[in-house]
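S.K.: Letter by letter, the chains look like this.
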Amino acid sequence: MSQSHDDIIRRRIGDLLAGGLETQTEPFPETEKEFASILDQLRELPPDDLEGKLVISGLVDHPYGEEQQRCLECMYYLVHRKWCDLPELAVPVEAEWWCRLWRI
Amino acid sequence: MANILWLQGGACSGNTMSFLNAEEPSACDLVTDFGMNILWHPSLGMELGDNLQQMLRDCVSGKIKLDIFVFEGTVVNAPNGTGEWNRFAGRPMKEWVRELSDAADFVVAIGDCATWGGIPATAPNPSDSQGLQFLKRDHGGFLGKDFKAKSGLPVINIPGCPAHPDWVTQILVAVATGRAGDLTLDDFQRPKTFFQSFTQTGCTRNMHFAYKVSATEFGQRKGCLFYDLGCRGPMTHSPCNRILWNRVSSKTRAGMPCLGCTEPEFPFFDLAPGTVFKTQTVMGVPKDMPEGVDKKGYIKLTGAAKAAAPAWVEQDIFVV
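Residue numbers (the numbering used here), protein chains in the order written: chain L, -9 to 94; chain R, 2 to 321.
Simulated from the structure, these hints should not be mistaken for laboratory data. Here the structure is a predicted model, which means the values were calculated and not measured. Think of the CB as a built atom: it goes at the ideal place given N, C-alpha and C, for glycine as much as any other residue. Just to be clear, a hint being listed does not mean it is correct.
To be verified - Computed beta-carbon distance windows for the label pairs:
1) L/Pro17 to R/Lys301: 20 to 28 angstroms
2) L/Leu11 to R/Glu218: 24 to 32 angstroms
3) R/Asn126 to L/Glu16: 38 to 46 angstroms
4) R/Lys146 to L/Thr21: 34 to 42 angstroms
5) L/Glu24 to R/Ile318: 50 to 58 angstroms
6) L/Glu34 to R/Arg88: 46 to 54 angstroms
7) L/Ala85 to R/Asp188: 20 to 28 angstroms
8) R/Lys301 to L/Glu86: 17 to 25 angstroms
9) R/Asp187 to L/Glu57: 17 to 25 angstroms
10) R/Gly36 to L/Lys23: 27 to 35 angstroms
11) R/Thr185 to L/Ala85: 42 to 50 angstroms
12) L/Asp38 to R/Ser14: 49 to 57 angstroms
13) R/Thr185 to L/Asp(-3): 54 to 62 angstroms
14) L/Gly4 to R/Ile300: 42 to 50 angstroms
Pulled out of the complex, with its shape left as it was, chain L reads as follows (with noise of 0.2 angstroms):
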């Protein structure tokens, strides 16, 4: 994927979040089990269908949480390539960014 087209697509979710696109931030995955359940969920989605990729996995245009959580620090996210390297997700963020499938 090109890095102009991984652009395209941030820039798509950056204005779905700042358009008020509301996501499911809650319940956060405390168990393994737990978030095996969301990564299912997610692998039913059709390939295209972003926008639910995006509302089950809990993505905001912000740090989170009491210890203002961000992409940055998760270990999915590939600094260079701005990108979540979630399978389930693999979709192009913000460092600033956080969805519930956060794991350092």
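Given the coordinates of chain L, work out where chain R should sit on it, guided by the hints.
M.R.: Chain R in isolation, oriented as in the chain L frame:
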């Protein structure tokens, strides 16, 4: 000439297979180059029936000097402490183990089952299995925590599922050639020469660990397996990335997470569904940190490492 006797309790023969594949030195080298006499071994022994029983009795009585008693597999105590579920040479194996351990100059436990019970001793432990001197982390096991072989050393534990073949043969050579005094053992009676460093020591993914880039699928050549796929390399003591398997590779080099098989808790989390090949987290933070690292320090380090990560670390650098 050092006499070696190798018996097998509750086991899958994995450590025997490993031993027979040893290269430096090989099982044959033990005999031809290091003067060892393998009295009996489950896959190599010639004696059967009455002859074997007589040999074992002679080892117990001292008629045959028993220099090294090697045990593979668990000591099976079921049912009801009798050990009848694992009979060998006319009686429960556990009775031979007790008497032969008392008769031997050195006792060596090979593999997780013999060292701390391994998979057979995982809850609910239906065979009532024990390791020779440990049951998981509890010191004691079948022989008791105060057991010492005639040499004055406790059981020498060489864990692993299986143990690397060269860990086995190199320790046997050290003991058989009178260099047992050079061995220092850790708190779990493992030779420090093999078990002081971590599985991660020498791992080709250390750069990805440092810059917090994760592998997300088996077999990926980029990324560290610790963050998502449950790799226990940073908190497991073994030389798997220093003394390579088949001389060429290791689990982590091949993209397979370390399962921590040289540690007493193996298999971790009693193999509960969802715990294998998945890093266990609490609110997104790993339950088990690399040894000596606390949660706050880990989070700070992650932020700094991510911020400092170079672009190449996100790519596959092991190109063909």
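S.K.: May I ask which of the numbered hints given earlier this structure violates, with the numbers listed in increasing order?
M.R.: 5, 7, 9, 10, 14
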